[in-house]
Amino acid sequence: MSVFAEMPPKNYELLPKGGDADGELLEISMGPHHPSTHGVFRMDVVLDGERVVKLKPVFGYLHRNHEKIAEGTTYLGSMPYTDRLDYFCSMTNNWAYALSVEKLAGLQVPERAEYIRVIVAELTRLQNHTCLIGFFVQDMGALGTPLMYAFREREKILDLFEELTGARMMYNYMRFGGLRCDVTADWLARLAALVEGYDKFLDEFELLFNENEILLARTQGVGILSKELAINASITGPMLRACGVNYDIRKVDKYGIYDRFDFKIPLGEHGDLYDRFMIRVLEMRESIKILRQALRDIPAGPFMDPKAKLRGFRPKAGEAYGRIEAAKGELGFYLISDGSPNPYRYRVRPPSFINLTILEDMCLGQHISDAVIILGSVDIVLGEVDR
Amino acid sequence: MIKGMAVTAKNFFGSYVSKERLPTVQYPEERLKPQENTRQFPFLVFDGDDAQKGLRCVACQICEKECPPKCIYIVKSKDKKPDYKGQAQIYPATFDIDISVCMSCQICVEVCPFDAIKMDTEFELSTDDRFGGLLFNKFKLAKSNEHYHKIHPTEATEVDGRLAEEKAKAEAKTKAAAEAKAKPAAAPAVPAAKPA
Numbered sequence: 001m002s003v004f005a006e007m008p009p010k011n012y013e014l015l016p017k018g019g020d021a022d023g024e025l026l027e028i029s030m031g032p033h034h035p036s037t038h039g040v041f042r043m044d045v046v047l048d049g050e051r052v053v054k055l056k057p058v059f060g061y062l063h064r065n066h067e068k069i070a071e072g073t074t075y076l077g078s079m080p081y082t083d084r085l086d087y088f089c090s091m092t093n094n095w096a097y098a099l100s101v102e103k104l105a106g107l108q109v110p111e112r113a114e115y116i117r118v119i120v121a122e123l124t125r126l127q128n129h130t131c132l133i134g135f136f137v138q139d140m141g142a143l144g145t146p147l148m149y150a151f152r153e154r155e156k157i158l159d160l161f162e163e164l165t166g167a168r169m170m171y172n173y174m175r176f177g178g179l180r181c182d183v184t185a186d187w188l189a190r191l192a193a194l195v196e197g198y199d200k201f202l203d204e205f206e207l208l209f210n211e212n213e214i215l216l217a218r219t220q221g222v223g224i225l226s227k228e229l230a231i232n233a234s235i236t237g238p239m240l241r242a243c244g245v246n247y248d249i250r251k252v253d254k255y256g257i258y259d260r261f262d263f264k265i266p267l268g269e270h271g272d273l274y275d276r277f278m279i280r281v282l283e284m285r286e287s288i289k290i291l292r293q294a295l296r297d298i299p300a301g302p303f304m305d306p307k308a309k310l311r312g313f314r315p316k317a318g319e320a321y322g323r324i325e326a327a328k329g330e331l332g333f334y335l336i337s338d339g340s341p342n343p344y345r346y347r348v349r350p351p352s353f354i355n356l357t358i359l360e361d362m363c364l365g366q367h368i369s370d371a372v373i374i375l376g377s378v379d380i381v382l383g384e385v386d387r
Numbered sequence: 388m389i390k391g392m393a394v395t396a397k398n399f400f401g402s403y404v405s406k407e408r409l410p411t412v413q414y415p416e417e418r419l420k421p422q423e424n425t426r427q428f429p430f431l432v433f434d435g436d437d438a439q440k441g442l443r444c445v446a447c448q449i450c451e452k453e454c455p456p457k458c459i460y461i462v463k464s465k466d467k468k469p470d471y472k473g474q475a476q477i478y479p480a481t482f483d484i485d486i487s488v489c490m491s492c493q494i495c496v497e498v499c500p501f502d503a504i505k506m507d508t509e510f511e512l513s514t515d516d517r518f519g520g521l522l523f524n525k526f527k528l529a530k531s532n533e534h535y536h537k538i539h540p541t542e543a544t545e546v547d548g549r550l551a552e553e554k555a556k557a558e559a560k561t562k563a564a565a566e567a568k569a570k571p572a573a574a575p576a577v578p579a580a581k582p583a
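Sequences listed follow chains H and E, in order.
When we follow the working numbering, the leftmost residue of the first sequence carries the number 1, and every step to the right adds one.
When we follow the working numbering, the leftmost residue of the second sequence carries the number 388, and every step to the right adds one.
In case anyone wonders, no lab produced these hints; they're calculated from the structure.
It is possible that some hints are incorrect.
Straight-line C-alpha distance at most 20 angstroms; calculated EDC-like pairs for lysine to aspartate or glutamate [unchecked claim]:
| no. | chain 1 | residue 1 | chain 2 | residue 2 |
| --- | --- | --- | --- | --- |
| 1 | E | K562 | E | E545 |
| 2 | E | K420 | H | D186 |
| 3 | H | K307 | E | E497 |
So the derived label-pair ranges between C-beta atoms look like this [stated by the list, open to error]:
| no. | chain 1 | residue 1 | chain 2 | residue 2 | range |
| --- | --- | --- | --- | --- | --- |
| 4 | E | E509 | H | D159 | 16 to 22 angstroms |
| 5 | E | S464 | H | Y344 | 34 to 40 angstroms |
| 6 | H | I265 | E | D434 | 55 to 61 angstroms |
| 7 | E | F399 | H | K56 | 41 to 47 angstroms |
| 8 | E | Y414 | H | G72 | 35 to 41 angstroms |
| 9 | H | D159 | E | P540 | 31 to 37 angstroms |
| 10 | E | G548 | H | Y344 | 56 to 62 angstroms |
| 11 | H | D253 | E | E509 | 40 to 46 angstroms |
For each residue, glycine too, the CB sits at the ideal point set by N, CA and C.
All chains, full assembly: derive it from the sequences and hints.
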């Protein structure tokens with residue numbers, strides 16, 4: 001017998017009830033092998049007719065002991081493992097980890113390396129948001145076509161990354177105090193061509209969705225997240241900004257060299273699905289702006305701190321927390337060093353895990369088909385949620 | 388909605404004329420050339436003709452220690468053999484890489500002080516042997532410097548230049564050492580003659 005049948009959900013009385021199936025609850029288990037759950041993720045949903053009255057997210061299917069493994073390997077050895085957290089945005093994961101270790105060891109990153117880091121991070125944001133929109137409309141029933149267009153553009157960015165780092169997804173590119181290898185002038189020229197073409201692609205892509213009746217009907221006023229709840233649950237990233245809270249770590253912390261760029265933070269108003277969708281579209285435009293400025297200003301020079309050591313790297317005892325604005329929200333790494341080659345404690349603050357905690361609050365009272373797109377709008381990657 | 392259909396139509400018909408809009412290739416028949424930096428799995432570089440004699444690896448075990456998933460297993464040899472500089476060095480008696488565990492992170496390549504291990508671009512490695520098929524020993528891992536030049540030309544030229552420089556330095560040093568040795572050897576020859 002189900003736990004939920006004995007214990008009715010607390011908001012259940014307040015919700016409008018259907019006529020024929022009055023009081024009959026249906027408990028279904030969505031996932032873990034469900035195409036709309038973006039990985040191995042399960043939701044225990046209690047339904048009244050088609051409305052969600054209770055939702056329990058169940059995760060951990062992809063748990064692989066990331067933090068404990070990192071405590072057993074060297075600082076450098078954890079770098080390729082961070083690629084596997086959020087496998088869509090390996091570059092930003094690399095950066096967040098490198099940033100915390102640099103804080104711990106007091107390393108200075110050369111100017112050129114900082115510019116390249118900004119370039120690759122913004123490219124990562126571009127491809128993540130493009131694909132997210134593709135997945136999002138696929139959840140709404142636009143099967144395939146927009147997603148294929150998104151993947152076509154992502155392919156171009158991945159080609160650039162492959163040329164630079166040698167891998168298409170698991171880059172392992174950043175090093176403490178710099179980067180593994182330098183970019184060539186040819187690479188930068190190809191990137192400039194891509195950036196120029198991307199605006200055109202976004203225009204075309206937006207034409208598919210903007211003013212599309214189905215999209216407006218499915219997203220406006222659905223899955224509303226209030227400002228207060230978002231702040232209390234420490235939601236970050238586009239999810240938070242869609243509620244109208246002006247909080248972007250690129251502006252708040254100004255890590256790296258983000259204070260040199262001129263860009264805006266798009267903000268939502270209602271905190272519904274449509275705002276979350278549009279925030280991502282607008283953020284891509286801002287990313288392109290940053291990329292243009294970075295390409296214009298990139299200086300020549302070294303790409304690695306000469307003090308940085310590859311072998312036998314032992315930072316002094318102490319602790320550090322480095323955080324960046326990843327495509328999904330605040331990604332932070334908390335490290336405690338005891339002076340040995342391995343971190344004493346290694347903790348990841350994953351954005352999509354924390355953004356997922358309020359899934360039930362957004363889904364209550366909505367249709368089950370809307371629960372699917374609400375989950376899609378959170379932008380989760382299970383590699384990061386389960387670690 | 389009609390606007391959306393126009394975009395779809397543009398992309399559909401565009402895929403026949405523009406390479407931009409049709410990036411896929413029919414894989415087993417058509418293949419893309421791998422990028423120069425592409426990395427798949429490590430191999431051991433050897434110089435000269437004999438794969439085992441020419442191995443650059445000196446079994447220092449740094450890669451074994453640094454490898455994050457611990458997929459490298461090395462046993463040092465008891466005897467020594469001359470390396471490219473002519474110095475007597477230990478060589479790996481066993482050098483195994485478990486390709487099924489390796490995660491292609493390239494850290495072994497970066498930490499290697501002897502430029503002995505590099506990344507290959509071979510990726511069609513699937514096998515039906517569950518037990519030893521993906522455990523590569525040093526005979527299977529050894530690949531020639533020419534192969535390295537073929538897959539990563541720029542990098543290999545750079546490495547060759549560096550090695551040649553080191554070799555020249557080492558030769559100069561041995562020459563200097565031999566000269567230095569010759570001098571003191573010549574010097575005590577005179578006092579040695581005295582007691583006699």
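Right, here's what the structure says about each hint:
1. For the hint linking E/K562 to E/E545, the alpha-carbon distance of about 26 angstroms lies beyond 20 angstroms, and the restraint is violated.
2. Proposed proximity of E/K420 and H/D186 is supported: the alpha carbons are some 18 angstroms apart, at most 20 angstroms.
3. Taking the CA atoms of H/K307 and E/E497, the gap is about 17 angstroms. The hint holds against a cut of 20 angstroms.
4. Between E/E509 and H/D159 the CB atoms are about 20 angstroms apart, so this pair conforms to the stated range of 16 to 22 angstroms.
5. A hinted range of 34 to 40 angstroms holds for the C-beta pair E/S464 and H/Y344, which are about 37 angstroms apart.
6. About 56 angstroms separates the C-beta atoms of H/I265 and E/D434, a value consistent with the hinted range of 55 to 61 angstroms.
7. Checked against the hint of 41 to 47 angstroms, the pair E/F399 and H/K56 passes, with Cβ atoms roughly 43 angstroms apart.
8. Taken as a hint, the range 35 to 41 angstroms holds for the pair E/Y414 and H/G72, whose Cβ atoms sit roughly 38 angstroms apart.
9. Range check, H/D159 to E/P540: about 19 angstroms between beta-carbon atoms, so the 31 to 37 angstroms window is missed.
10. Under the hint 56 to 62 angstroms, the C-beta atoms of E/G548 and H/Y344, about 42 angstroms apart, miss the expected range.
11. Checking the proposed 40 to 46 angstroms range against H/D253 and E/E509 shows it holds: the Cβ atoms sit about 43 angstroms from each other.
Checked against the numbered hints given earlier, the structure breaks hints 1, 9, 10 and satisfies all the rest.
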